[in-house]
Amino acid sequence: MKNGTSPKYSSLGFKDIIVQFEDAVAVVTLNRAQERNTWSLTLVHELVKAFDLFDRDDRVRAVVLTAEPTAPAFCSGADISKGWDLLYQDESFHEGPHAHRDTAGIVSLAILRCRKITVVAVNGNAAGVGVTALQIPFDFRFAWSDARLLMPFVHRGVAPEGVSSYLLPRLLGHSRATALFLSGAAVKPDSPLLQGFFYKSFPTREEIFPGALAFAKELAANTSQTSVAMTKALLWRGADTPEGQHLLESRTIQTLGSAADSLEGAKSFKEKRPAKFTDTLSKNLTTWMPWWHEVGTVYRKTKL
Amino acid sequence: MKNGTSPKYSSLGFKDIIVQFEDAVAVVTLNRAQERNTWSLTLVHELVKAFDLFDRDDRVRAVVLTAEPTAPAFCSGADISKGWDLLYQDESFHEGPHAHRDTAGIVSLAILRCRKITVVAVNGNAAGVGVTALQIPFDFRFAWSDARLLMPFVHRGVAPEGVSSYLLPRLLGHSRATALFLSGAAVKPDSPLLQGFFYKSFPTREEIFPGALAFAKELAANTSQTSVAMTKALLWRGADTPEGQHLLESRTIQTLGSAADSLEGAKSFKEKRPAKFTDTLSKNLTTWMPWWHEVGTVYRKTKL
Amino acid sequence: MKNGTSPKYSSLGFKDIIVQFEDAVAVVTLNRAQERNTWSLTLVHELVKAFDLFDRDDRVRAVVLTAEPTAPAFCSGADISKGWDLLYQDESFHEGPHAHRDTAGIVSLAILRCRKITVVAVNGNAAGVGVTALQIPFDFRFAWSDARLLMPFVHRGVAPEGVSSYLLPRLLGHSRATALFLSGAAVKPDSPLLQGFFYKSFPTREEIFPGALAFAKELAANTSQTSVAMTKALLWRGADTPEGQHLLESRTIQTLGSAADSLEGAKSFKEKRPAKFTDTLSKNLTTWMPWWHEVGTVYRKTKL
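Protein chains in written order, with the UniProt record's numbering: chain A, 1 to 304; chain B, 1 to 304; chain C, 1 to 304.
Chain A extracted, bound-state conformation (with noise of 0.2 Å):
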């Protein structure tokens, strides 16, 4: 398919998620507003399904996610008022505690896998997964400066949910993480402790979305397909010592180094021209990643 030519993830019958495509831009409206935009396994499901079809669709290079700015919620997190039956609902439940999946995670493990550049439009309030699953995988964070933030995991009886444990101190040192996961303190995106978490605020609900979406097209213009998706396994699958990282970056150089993207890269920069980038990962990227171990996740029964 060509490069540009618009896929019709309309026709995919999503139900809680809206999926649009704009140059080059995969936008994703959660569709629950009624509900809050509360976690649904229909919601996971298409989530899932939506952000593995963005990682292997050339024609995408950037996502974005959102919410209606005039939904009561950019995501009110688990529907909670019937207990945590939602956590359960996986067919292998009965098999022992070994077999849970927790939901959060599968979302949060989608969108880190999406090697494009993902972006997420918080315009409005969020909690629990609304924020580890729905705001902490992306690459940038636009949200409304008055969006209230909330992980109340100690005070539910529960814990940190969509790899969230993992990546937020990453993200933000673990200082600033243990004070946002141990208070379960609602913050606001100026927040001391979430420095450094999001982008760039508006003041605003109206504006997040059209802030973020004129940043994902600007980037998905001029950035190379393959450039971005290393530089997000360099950064998330490294090594574990500098000299490691130093073979794996210099294996990634010589292989974009090669390639048309690069080329492009040091003729447009020489003419003073925006890049023309057509490399794909489909067919420019496929000899030598991943290099990392992946660790399986996915549950095997073990009872036919």
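None of the hints are false.
Simulated crosslink set (DMTMM-like; lysine to aspartate or glutamate; CA at most 20 Å straight-line):
#1 Lys82(B) with Glu271(C)
#2 Lys267(C) with Glu35(B)
#3 Lys276(B) with Asp58(B)
#4 Lys301(A) with Glu243(B)
#5 Lys267(B) with Glu35(A)
#6 Lys267(A) with Glu35(C)
#7 Lys272(C) with Glu35(B)
#8 Lys272(A) with Asp79(C)
#9 Lys270(A) with Asp79(C)
#10 Lys82(A) with Glu264(B)
#11 Lys200(B) with Asp190(A)
#12 Lys272(B) with Glu35(A)
#13 Lys270(B) with Glu35(A)
#14 Lys276(B) with Asp23(B)
#15 Lys200(B) with Asp146(B)
#16 Lys272(A) with Glu35(C)
#17 Lys267(C) with Asp79(B)
#18 Lys49(C) with Glu243(A)
#19 Lys283(C) with Asp55(C)
#20 Lys283(B) with Asp57(B)
No lab work stands behind these hints, which were simulated from the structure alone.
Given chain A, work out where chains B and C should sit, using these hints.
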């Protein structure tokens, strides 16, 4: 023992610390004001014993460490007026260099291993171990905004102790940690180098402890003991890949999600009332911790 | 050689750098002002040689790297006007993709392995390797507050180099590192994305180097060479558990605690006078470093 019964820590015969208990919060006050609360082997042994008890005593939900606000210092570090002898006073010193165990590190590990919420109220100047062992390993740091903090290792011919060379770069990032350790500069809590280190600061020495105690009591009253312990374990003993952490979080959530505290967490949220958590570490968190490899640090004499 | 004797670095025939020595501080000035201090293979080889000498020369206690404040730039990165050829000029290129070694990474590792205090005085604009290799691996960064800093890898079809994908997330956290790498945005030292990166900034280009040099001389005069080396090793080559780090710190403290510098450190402190440290790396730190696994990065030709 009934939850809430006051444990008689006063009967344990502590000399260099005073331990009190109030509303599920254990308060440790350094009791060497006349010696500027400098380090002593007695202090080391008592702090280790106290934090080990707090960890195992289900009645303790939070710990606050502080000094007399009228003391000449919060803790002036090691008393090196007679050289570094304190470092070598352990009985195994003559067995060789492999036998020594840094006393600051012994205390830091005891604090780090305490699965309850730990808060330090730094109401005076601090140096050396007064920062490394008595501030860095805590979950929350409250400070007098005029406190002078000093880690002068490079100016004294020694090196970071108290596991600070592991913890500080993770708390604040390597850029700030390197600058603090290699400059050896005296800093105040509002220094750009300490951004994110203190949870809150107050302008007068008298305010710190009451502020920290009120905060600790609030958390002690409204947090699940098992949630707190698991959150701390996920933060400091996590997996080294996102997928591995997802497995740990999944099992954590299922373990906690079927216990009384999470049911009460959901119920109280629905009923818009404060939760009353009853799960305890000794009764409800016995089955699968620790999941990590513990490196043994106790020195065992090699000769009879 | 006597500590303080001026080493004749000028006799080493460096071309793309100028090395001077003053009060135990080695000063490296980039000497390609007419080429905007762009990268060259000569520059690479000379920087590696220089930092290797600084590491092993006991007379050197600190290093400052800078550029002429009148140069068009501190370092404009690689000169890609002829494409990315520089990346492939090493002799082993034709052996295959496993043979390449990123020249920026070779320099970064040399700086990172230098056990002395390293300071960079960024007195002009910088791009690419001018940030990754010539700023990120240093202990302290001083900057002109109006300097324009650029890491445009995703806009050029390449990826982070100079071990920056390992170091930057550790220096500042993954949130800021990701935003810097994936946006490719030009930033100034006071950008929220760079908080904690620079130790100090100055409003005019002329002030940076004198400020950095005075700071380096102050540290060179008042720090123990062995303390500095061990602190750097603990920070960048530490254990991966708190307990493991406790063992490393314990042995470090005992090694240093029985040497002349720590005795002088305690004595001078007691006598309220500046310390005069005499221990050196070549004489007093020979017995047990390194404790870590070194990944070999030197390429060895596979054919005769």
